[in-house]
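Undergrad: Listed here are the chains, written in short residue letters.
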Amino acid sequence: MRSPKLVLQGRKIVKGKASGEAVVTSEAISFNGGVDNMTGIVTEPGHELEGVNISGKVLVFLTGKGSTGGSYKIYDMVSRGTAPVAFIQVNPEPITTIGAIIGNIPVVAGLNENPTTVIATGDFVELDADTGKVEVTKK
Amino acid sequence: MLLTDEETKMLNGDNGPAVRKAMEILVALGESFGAERLVPVNNVHMAGSSVLVAEEAGTRFVEDIRNLGGKFVTRVTTNPTAVDPSQWKEIGIPESDTALQVRLTGAYAGMGANTCNTCIPYLVGNMPRFGEHMAWGESSAVVFANSVCGARTNREGGPSALATALTGRTPEYGFHLTENRYGNFLIKVETPMRDMTDYGTLGYFAGKIAGQDTPVFVGLPNNPTLEDLKALSAALAASGAVSMFHAVGVTPEAPTVEAAFGDRTPAKTLVYGVEERTQCENALNKEPSDHVDWILVGCPNASVQEMREVAEALEGKKVHKDVSLWVTTAGAMYAMADQMGYVDTIKKAGGVVVRETCPFLARSRVIAPNKGYKTLTTNSAKMAFYAPGQFGLPAHYGNLSRVMQAAIDGVWR
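Protein chains in written order, with the working numbering: chain L, 8 to 146; chain A, 232 to 644.
For reference, chain A alone in the conformation it holds in the complex (with noise of 0.2 Å):
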């Protein structure tokens, strides 16, 4: 790999053993996959930052870096963590992985990020701008940044994250490629989409067939909303391993189908109808009981419009006493909310606004069996994907209005 005379120094140590590291990290995996240089960056969101998946090692190998002068020379944010820093104990998270949490997120912001804890970045700040070359982790904001802002991403773990916030630096590689960037297949939608639900179906639909293939989509209607960008990216990434799709019409690199593929033909072609939704909606709503108990709205993380959804469904409603209601956001998204009202609404209903954490990255096969809870209702496809297999709860899966039914009447319907 060809460095330039300043990553070359950095390589030797000459800014301090932190950065050395850093860059071993960077070429070591740039060599391993042919890439030639490696490219500015300016924009980091770090993965890894739940002690939920750095555990005590990886917690240590963060602190390690910062005791040796580690400091951040790009943008940093980060994902959610195993942890609500308010309401930890009453929502049923163990105490070790508080304190745990509170070390890797002090070393986090002790080398610079700004620990937003949320996997939102882009709108809590972290906006990225078409064509820019960034390093993200969390597999459903990599894919909302490379096809909806049309940034270059790769899908980063948390120590190649980390190595690019310490260096300024990433492999030249995969999709910050344009020839890699471009659609393999394509799938045409051919059932009018309704609300962010069925973009989460269609993208656990796409997910499954692609494996780390990008899709291109046609038929979509032309207004999306961000809220059916985000589901559908969050979908995409959790059934299959997506890093970005291209909806003909919509996204900035598909203005065209011809353009979407880069003028090459799609490997196939697949259409998705009222019968292939149907068949996905099957499969992610599984539990066959009316038995709810917990609910969970915001994955990804609730935008304050969401937010607004679920109070006005809640207003001068209740929820029900066997149910435990999360909404799951961003702090920056709670403040909003709290100012327009709408998290005293659905508090006083009786659900819980829960920050910079969520079931996936909390550690909920603890958290289940202390609270009893036995199955997970949702209307996000992601969720619904991981509930059954990562913390062994059985998914009841529908859109916004039947899941809130579900919260106040307590049963599935």
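Looking at chain L on its own, in the form it has when it is part of the complex (with noise of 0.2 Å):
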């Protein structure tokens, strides 16, 4: 049986190209002091995500939050290997573009669905920053 292919099309925010599983939320995420820098595991008190580890993982989610030091603890992540290799966002935001943009993360937001609702987590996700193309192979 083929399993259903969903294209969703945004705009870039950081080039790149990459693919994996998703990791789904509809909230923003913190990187300073809401995610274990040395794990990947999301580490905020009551966040949907909390325990769940993000690392190589595609990352959608709502935006980014809190201090401008979250940009450099994405940074440390893509050096430690506990990075996600992708982020789709529902609104772009400084901390985590720049984070993205110093780590070479690729980032793709102002999606024509809200990507947090129509991709769920395990879903395989194909994307292409550079011409903002997101492809998503249902679980």
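Where hints are given, some of them may not hold.
Derived list of chain A stretches under chain L, where covered just means 3 residues or more per stretch with a C-beta under 8 Å from a C-beta of chain L [what the hints assert, rightly or not]: (1) 248-262; (2) 289-297; (3) 387-397.
Listed below are the simulated DSSO-like cross-link pairs for lysine-lysine, each with C-alpha atoms no more than 27 Å apart in a straight line [unchecked claim]: (4) Lys24(L) <-> Lys302(A); (5) Lys22(L) <-> Lys602(A); (6) Lys19(L) <-> Lys240(A); (7) Lys12(L) <-> Lys22(L).
Far from chain L by the CB rule (all over 10 Å, computed), these chain A residues [said to hold, decoys possible]: (8) Leu234; (9) Gly279; (10) Val284; (11) Ala285; (12) Glu286; (13) Gln318; (14) Glu326; (15) Asn411; (16) Thr500; (17) Gly547; (18) Lys552; (19) Gln570.
If you're looking for bench data, these hints aren't it; they were derived computationally from the structure.
C-beta atoms are modelled at their ideal positions from N, C-alpha and C, and glycine is treated no differently.
Please assemble the complex out of the two chains, which come individually in their own frames, going by the hints.
TA: What follows is the structure in structure tokens.
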């Protein structure tokens, strides 16, 4: 049986291509204090993703939040191999955008459908930030 | 976003990999905020200069940029660090922070920063010009520069300020554009402003309501001091994410209420009277006991005038043996106060004049337990606001004479 494929169109925030398994949250994420940079596990108490490991995943989330030190934490996670491979955001904001640029993580935002509702955790996502195209293979 | 030929070359890597990375940061930032172009900038104040903010990762990033051939093309000043350069050990700053800080400050200096390491760059050689486009970090300095000087800057984090320093450009959005600089709501001040602490209390009140919006004050005296405006700026950016305020008849973009609002109607109007002031003072002065152990004057960093006032209060007196009094300031202010004999007076009385760092940017979560500090006593609304959450110390908050009396008596009255 052929798995259904969903194609979404957004705009490039940070260039690059990546693919991987999706981890999805409709909440904002703080990389400074909300995620353990040593392991990639979300630690913010009460967060939808609390206890979930986001390393190596395509992180689909609302937006970034919190202190500007978060940009450096993303850079640190990339150098430790604990960072997500791509970001898909509902709304871009400076902290995660800058962290992704300095860490070479592709980012797409402003999609034609809300990515946090049409993509589910565990779906396989291929993303080409340069064209803004996101292909989702449902699990 | 529309780039000039020169900017396109920078983005393509013609000026090397450090400039290319910097340009990528600025273009992506500009595109995510809908900027149409970049504006030339020749003035950067670098937040993220303390290892408490940058940590190992940020330090490595700044070093990496320098190793890629990064060189600053703008004037650059730096914010406080996590370390007092000469007495870090005595005041309880961890050695690991000192070692990392030497690397981070060295990387900034190596690229051409004036590492003045202070949150009051406007008092030590980086005075913004009216209308000047800048890329400043340090929220209190951002508010002061936009409001008091009429310069134009957004609140820049470490990497974006670094990117501007390497390229001389910043995306044109937010507070760079006249239409975003008008006031959003009105505060009628109907209580006397007695000293700089009163200005801090007012800033705390307005910041809580403002969020990211710009408050307009009417009813303030027309002769506030530099220190008053510094305290107001700092508190606005602590309890709120304010980037700018207008004080009608005081700040340069607010000759009249109409000018401050750009002829638009205020979204709301609030009154700040004695009752509001008392409520705010009580919210900041929350520690119920009279226990005093750690006292901080100099948030934002003390001016020479403030150090003179501290020295006068301590003349012929002694700081209580159970009290650590920190007066935090910039190296340049220290030199002037030293020349005037204020540093000597403070030291003889048992106080410590701390340079280049403060409880907020040093690792107070380690310093306080090591030194046995249980509370923080201060005349700064910003510090009283942050101390409970950021380093777990409840605060005593009051004006300078009350705080200095506590330093001498060892109890809060």
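Undergrad: Please go over all the hints and tell whether each is borne out by the structure.
TA: Hint by hint, here is what the structure shows:
1. Chain L is given as covering the segment 248-262 of chain A, and this holds because 6 residues of the stretch bring a CB closer than 8 Å to a CB of that chain, at least three being needed.
2. Look at the segment 289-297 of chain A against chain L: 3 of its residues bring a Cβ nearer than 8 Å to a Cβ of that chain, three or more, so the hint holds.
3. A count of 4 residues in the segment 387-397 of chain A with a Cβ less than 8 Å from any Cβ of chain L is obtained; the coverage claim is therefore met, three being the minimum.
4. For the given pair, Lys24(L) sits about 30 Å from Lys302(A) by alpha-carbon distance, which is inconsistent with the 27 Å threshold.
5. The straight-line distance between the Cα atoms of Lys22(L) and Lys602(A) is roughly 49 Å, outside the 27 Å bound, and the hint therefore fails.
6. Annotation: proposed proximity of Lys19(L) to Lys240(A) holds, straight-line Cα distance about 20 Å (limit 27 Å).
7. Simply put, Lys12(L) and Lys22(L) have alpha-carbon atoms about 23 Å apart, close enough for the 27 Å limit, and the pair holds.
8. The beta carbon of Leu234(A) is kept farther than 10 Å from every beta carbon of chain L, the shortest such distance being approximately 15 Å.
9. Some Cβ of chain L comes within 10 Å of the Cβ of Gly279(A); the nearest lies about 7 Å off, and the non-interface call is violated.
10. At roughly 5 Å from the closest C-beta of chain L, the C-beta of Val284(A) falls inside 10 Å, breaking its exclusion from the interface.
11. Non-interface status of Ala285(A) relative to chain L is broken: a Cβ of that chain comes within 10 Å, the nearest being about 6 Å off.
12. Consistency note on Glu286(A): stated as away from chain L, yet its beta-carbon is not over 10 Å from all of that chain's, at 7 Å minimum.
13. The claim that Gln318(A) is not at the interface with chain L holds, since no C-beta of that chain comes within 10 Å of its own (minimum 26 Å).
14. The claim that Glu326(A) is not at the interface with chain L holds, since no C-beta of that chain comes within 10 Å of its own (minimum 22 Å).
15. Every C-beta of chain L lies more than 10 Å from that of Asn411(A), the closest at about 16 Å, which supports listing it as non-interface.
16. Annotated as non-interface, Thr500(A) keeps its C-beta farther than 10 Å from every C-beta of chain L; the closest such distance is 30 Å.
17. At the 10 Å boundary, the C-beta of Gly547(A) stays outside the reach of chain L, the nearest C-beta of that chain being 44 Å off.
18. Against the 10 Å criterion, Lys552(A) stays outside the reach of chain L, whose nearest CB is about 37 Å from its own CB.
19. The beta carbon of Gln570(A) is kept farther than 10 Å from every beta carbon of chain L, the shortest such distance being approximately 36 Å.
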